[in-house]
Amino acid sequence: MNRELYDKADDHTPKFVSKPGITESLVRFISNQKNEPGWMLQKRLQGFELFKKTSVPTWGPDLSGLDLNKIVYYTDPNTKETQNWDDLPQEIRDTFDKLGIPEAEKNLFMGVGAQYDSNVVYHNLHESLKKQGVIFENMDVAVQKYPNLVKKYFMTQCIPVNDHKFIMLHAAVWSGGTFIYVPKNVKVSLPLQAYFRMNQKDGGQFEHTLIILDEGAELEYIEGCSSPRYQQSSLHAGCVELIVMPGAKMCYTSIENWSKNVYNLNTKRAIVHKDARVEWVNGNMGSTRTMLYPTSVLIGEGASSESVGIAFAGEGQDQDTGSKVIHAASNTKSVIIAKSISKTGCSSYRGLVKVMPSAKNVSSTVQCDALLMDGGQTKTYPYMQVAQKDVKVSHEATVSRVNDDQVRYLQSRGLSEDDARKYIVSGFVEPIVRSMPFEYAVELNKLIELEVTGL
Amino acid sequence: MIHDVKYGQGLSFDYSWIDSVECDEATYNVDTEHSERMIEQDLLADKHPLFSKIIVDSDKEIIVDGSLASLHVVANKDCTIIIRHTGKFTSLRLHCDVNQCTVNLVVIQKGERCVQYKTVDCKGTINIYDCLDQEWSQCYNDVNLLSENASSVQKTSTIGAYANVYTRVYHHVSGTNSIMSSRSAVSNELVYRGHIYIPEQVSAVSHQDCDIILLNDDSKAVALPILDVTSQDVECSHGASISTFDETVVRYMSSRGVNQHAQKILLIQSIKEWGMLP
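If you read the sequences in order, they're chains A and B.
Per my numbering, residue 1 is the first one in the first sequence, and the count goes up by one each step.
Per my numbering, residue 1 is the first one in the second sequence, and the count goes up by one each step.
Wrong hints could be hidden among the right ones.
Unchecked claim - Derived pair list, reagent style BS3-like, types lysine-lysine, alpha-carbon separation capped at 30 Å:
no., chain 1, residue 1, chain 2, residue 2
1, A, Lys-184, A, Lys-130
2, A, Lys-360, B, Lys-272
3, A, Lys-392, B, Lys-155
4, B, Lys-264, A, Lys-360
5, A, Lys-392, B, Lys-264
6, A, Lys-260, A, Lys-152
7, B, Lys-77, A, Lys-392
8, A, Lys-201, A, Lys-34
9, A, Lys-333, B, Lys-264
If you are wondering where the hints come from, they were derived from the structure by calculation, not from laboratory data.
Only chain A is shown next, with the shape it has when bound in the complex (with noise of 0.2 Å):
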């Protein structure tokens, strides 16, 4: 595994590629070129207004670097949305060959949607589920097949058009993406997969995941995505939006790989209802600032959130993530690990605790350590805000750097100073990796291993 099998780009004509910068016009186009209703159109132009009027966040990283005129909106490819790996144009094909989705489609999951710019260009799912009542679509044609819960779930009370500048361009340009329902008592045995690649110079990625878990059901959702990498920036906006009903549980794995001149400013969030439980695995290495922030809204007594994350800062970067979770019911839970190592690059953690005032018999546990490597810097922004006397709520951090003694230890078992130096970070992200699906995990781990040892 290189470096250069994410970071080249392929030599792919697309079909269209709308002009830099955003207009109403452009706005009116994608929805026209997707035959949309008109509600839909009117929540893109009503994200369009907001999105206008809004001005780019002031925290976090600087995103002084990413001219929103420069961007290119809209790029469609130049082939369609296909159940069949050899319908696809050459070089698509020979792209997620080489990143291996074909290959893990026969092995390891039950469905896999692929995305290239702006639109899905596969998508199959196992008859099995099929029979089962199981949804696995690409999110422009859930709008049209099933309008219904599309209409009731797409931006409304989980994360609503006017959230953020971000949330407010997403709604308008977003295009693509995954819409799954799991019907009721319905439990998924393996995994499904998107992966979404960004192939368009200057370009912008905008998919939208909405997944809705009927009572009982269970999921487990692995995204992963990558780009070339270009002189100029790139952007990209998505937004995943987890409904997961009573008693369901909803496992999300994303490894996000963008490459170094992507802008990735991603939203995330779970509506997790009575006894339900969620859980969020993230890995993030690519992207040149990153502001990710996963959050679980437990609503429902007795749900509970997991997440764990890992985030990379090579040289030139800026990681600024953490997760969030809102505690507004009674005997509801959550934990909260994140990890970061910084590589002359800069990583964050930002994270919020909430326990809201009717919230009893509450727990939650933070725990965030950074690792230090040449010259790399971290920061730690955990924010507890707690209304209700009934409840445990702690958060723990450190940060370390690679322990001079241990390498010498390694090195004295004669292993080399730039293995042991990989042995010890590998120990260090153990306990995160180790939440994902094996093959997920040895991919992290190689990816780690590449910025570690700068190869």
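Start from chain A and add chain B according to the hints.
Just chain B, lined up with the frame of chain A:
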């Protein structure tokens, strides 16, 4: 020896520039602005008509009457400095220079509403013991560790109804270490912010912890302990917790015949004593 400084009565004081006790998401942005404002306030203090410079060579108790006071204390020898400040509304702005010595600093404010801003430039050891037991209090500590082997301990105990506590330590040079510790029992609202800053190329050891106990059903607390580390040769950690009484302690005290009300009093007393003991 007692150094007694008295100030005039009845000075009006504008509280509007002080951070609100209420805290929301915007707190993320407050810290830098706040630090800048503190510096600005300290600069203004130099021109303040009531500014008073006190050179301390031995243990000293400074008594201040009236609402507004600005003191510049310079300590050249090991000593304990106790500042007593009384008034209906008290606001104390204190700048302390610690020169190659160990200083124990205790500020005791009495009044309905109390504010204290302390800036310490430390080239020795500074131990700050704050006990905020007023109905409404705000405490801002800003410690600068300026020479090798400089160290600071900031212990803050809060048992008031409304409190806003901000403690910061800035490790300017290598070989410095700091401890920041806070214990609170809150009957209404508490906002605690701690900030450790270790810049590039500075080797330092720092620890911060904050424990908050909520006493009433409608008590609220916000904790924001910040680590800001740009150097890599550091040992840095922090921990924070917000909870009600520890169940084990409650069971133990109940088994010894201590009722709920008495338990609260004991807890408050223990926090108060913890804050005042080295």
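- Query: When you check the alpha-carbon spacing of A/Lys-184 and A/Lys-130, does it fall within 30 Å?
  - Reply: holds (14 Å)
* **Hinted pair A/Lys-392 and B/Lys-155, Cα distance within 30 Å** => Between A/Lys-392 and B/Lys-155 the Cα gap is close to 23 Å, so the pair holds against 30 Å.
Tell me if the straight-line CA distance from A/Lys-201 to A/Lys-34 falls inside 30 Å. holds (23 Å)
| said: What's the verdict on A/Lys-392 and B/Lys-264, does the C-alpha distance respect the 30 Å limit or exceed it? | reply: This hinted pair holds, its Cα atoms lying about 18 Å apart.
For the pair we were handed, A/Lys-360 and B/Lys-272, check the Cα-Cα distance against 30 Å. holds (28 Å)
Exercise for review: Mind checking the alpha carbons of A/Lys-333 and B/Lys-264 for me, to see if they're no more than 30 Å apart?
Suggested key: holds (27 Å)
Verify the proposed pairing of B/Lys-264 with A/Lys-360, using a straight-line Cα cut of 30 Å.
holds (20 Å)
Restraint status (C-alpha distance of B/Lys-77 to A/Lys-392 at most 30 Å) = violated (44 Å)
Open item on the list: Next pair to validate is A/Lys-260 with A/Lys-152; report whether the Cα-Cα distance is within 30 Å.
Closed with: Not OK: A/Lys-260 and A/Lys-152 at ~37 Å, beyond 30 Å, violated.
In this structure, the earlier hints numbered 6, 7 are contradicted, and the remaining ones agree with it.
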